[in-house]
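On the provided structure of chain A, position chain B as indicated by the hints.
Residue numbers (our numbering), protein chains in the order written: chain A, 1366 to 1455; chain B, 2 to 485.
There's no promise every hint is true.
Chain A regions said to be covered by chain B (calculated; three or more residues, Cβ under 8 Å) [to be verified]:
#, stretch
1, 1374-1387
2, 1391-1399
3, 1406-1416
4, 1419-1432
The set of hints was computed from the structure by calculation and includes no laboratory data. Note that CB positions come from ideal geometry on N, CA and C, so glycine has one too.
These are the residues of each chain, in order.
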Amino acid sequence: MEKHDERFKVANREALIGVGLALINFLWWFGFAYGLGSKPPEEYSYIFGLPAWFFMSCVGGFILMSVLVIFVVNVYFTDVPLEAKDEDTE
Amino acid sequence: MNWAVIIPLLLFIILIFIIGFWANRSIRLSKKDFMQEYFLGGRELGGFILAMTMMATYGSASSFIGGPGVAYTEGLAWVLLAMTQVVTGYFVLMVLGKKFAIKAREYKAVTLTDYLRTRYQSHVVALLAAVSIIIFLFSAMAAQWVGGARLIETVTGIPYTSALFIFAASVLIYVIIGGFRAVALTDAVQGSVMFVGTLILLIATVIAGGGVEEIMQGLTRENPNLITPFGADLTLTPAYVSSFWILVGVAVVGLPQVTLRAMSYKTSKAMHRAIIIGTVVVGFVMLNMHLIGVFARPILPGIEVGDKVMPLIALEVLPGWVAGLVLAAPMAAIMSTVDSLLLLVSSAFVKDIYVTYLKPDASERRVKGMSFGVTGVLGIFVFLMALQPPDLLIWLNLFAFGGLEATFIWPVVLGLYWQKGNKYGAISSMLTGILSYVIVDQFFNQPLGVHSVVLPVLFSFIVYVLVSAGTTQNYTAPVTNPTR
Chain A
1366 MEKHDERFKV
1376 ANREALIGVG
1386 LALINFLWWF
1396 GFAYGLGSKP
1406 PEEYSYIFGL
1416 PAWFFMSCVG
1426 GFILMSVLVI
1436 FVVNVYFTDV
1446 PLEAKDEDTE
Chain B
2 MNWAVIIPLL
12 LFIILIFIIG
22 FWANRSIRLS
32 KKDFMQEYFL
42 GGRELGGFIL
52 AMTMMATYGS
62 ASSFIGGPGV
72 AYTEGLAWVL
82 LAMTQVVTGY
92 FVLMVLGKKF
102 AIKAREYKAV
112 TLTDYLRTRY
122 QSHVVALLAA
132 VSIIIFLFSA
142 MAAQWVGGAR
152 LIETVTGIPY
162 TSALFIFAAS
172 VLIYVIIGGF
182 RAVALTDAVQ
192 GSVMFVGTLI
202 LLIATVIAGG
212 GVEEIMQGLT
222 RENPNLITPF
232 GADLTLTPAY
242 VSSFWILVGV
252 AVVGLPQVTL
262 RAMSYKTSKA
272 MHRAIIIGTV
282 VVGFVMLNMH
292 LIGVFARPIL
302 PGIEVGDKVM
312 PLIALEVLPG
322 WVAGLVLAAP
332 MAAIMSTVDS
342 LLLLVSSAFV
352 KDIYVTYLKP
362 DASERRVKGM
372 SFGVTGVLGI
382 FVFLMALQPP
392 DLLIWLNLFA
402 FGGLEATFIW
412 PVVLGLYWQK
422 GNKYGAISSM
432 LTGILSYVIV
442 DQFFNQPLGV
452 HSVVLPVLFS
462 FIVYVLVSAG
472 TTQNYTAPVT
482 NPTR
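For reference, chain A alone in the conformation it holds in the complex (with noise of 0.2 Å):
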């Protein structure tokens, strides 16, 4: 019975972290790409050679982004076994 699987408490939980990071990355990625991208290019300031705006947006958001996957798979998502329970796998 699919309400009593406790393994699918699991995997709602980790698709809605799924559509949190999507959220999180997508506001990162739109605020610094056309917040500080939107200034006539002679205002841009820089970073590592790059324009802040691309550097933020784009480098910085990777970066961002990746360390945000590694600690919440490491500290919110949980194993569980695969197989269907009732009877031994093929």
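Chain B only, in chain A's frame:
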């Protein structure tokens, strides 16, 4: 001919063959069901291989050759757009996640079509799925073959037809004999080649350009728009660029070649590792390879054909044999996409149509013969198509990606998490998705300033929910999704 480039490419192809033969051996030795072994690698993928095969299947010719080419023309804005793909590294596996893997095992599903048929207990859903997979992925595959052959032609100077033959023969051999396991393992090698190749090329390009600052100044001198998020002619609007979050980001969850991988891993630990490796590798490869395109501009100005940027910059900034190694990367990207599509289309014929509907009692030997045979015939058929691609095929290929997403995303995702979702919802959602995609793409160019995929994904969602909520489906026992 440029032997310094050809030899590393040859070595790469030989390595791929060795893996194919090795995988064939493990299919012959396996005691598991042949189809599960051949089309799904026996559900035994580990974390690293899973992450790599996801990335490699998905990072195709278009992103590997076309992407840097457009980045060369549009500047940093196109790298920003490409970075929308980082989300696929974690999103797909987290959202389909363990529930999909558990359900697929429970249903004994070997293909996405199997999964949908059992979930909705509907043959209409299954046939719709199988037919759209065959039509769209076949066209997508043929287009990739053209890309592969063009690349060999550009790099080595071998004429197109011979190049196509070399490409076809190498892919066919290892896919036919090795099945999914060979595809996944070679994807892992190909993914690693992409990872290392783009890194070497990026470093060499930065050095050749005199450092990042120097390159940025060069771009600003030429056209300051190249370093804005709006593209060379300021035509890339935030709405348009953001809509790629759907096309190449979250909606990838509906692509059959991707969902298939989400049922192929061995344990939940493997999946955890794959999420981490996948995110890092996808982000790293996408960022580097598109940056290469932008950085190439001040070094090699005036390249007219975008597809040539990658090969030309490699030949320019690297010694010949290293360029050969690096150019194995786009080659690897194309091969790793093509091999998965070939196997997927073959499984749609063999498993979804032949075994399920035409001959359910087929013996194992017969299924084996069919699998090898169908894969081979398909390969030859694609080869002939790619010799002189018909217009219809090019037209269909345009819809392959977005069309399949709009077709499958809701029947897969909502079918998984919403019990009330039923076959009527699924059928109408699939039809809405595909038809509205073709209509929107043909008649309304970028409606509301967003990519054509956005509205059809929205429509198919609304239709799925409304129709499912308004109808009741009586499931025959044994019920997999009990009603309250």
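Each hint tested on the structure:
1. Here the stretch 1374-1387 of chain A counts 10 residues with a CB under 8 Å from a CB of chain B, which clears the bar of 3, and the coverage holds.
2. Counting residues of the stretch 1391-1399 of chain A whose CB lies closer than 8 Å to any CB of chain B gives 5, which reaches the minimum of 3, so the coverage claim holds.
3. Restraint check on the stretch 1406-1416 of chain A versus chain B: 8 residues with Cβ-Cβ distances below 8 Å, three needed, restraint holds.
4. Check result for the stretch 1419-1432 of chain A against chain B: holds, 8 residues qualifying (beta carbon to beta carbon below 8 Å, three or more required).
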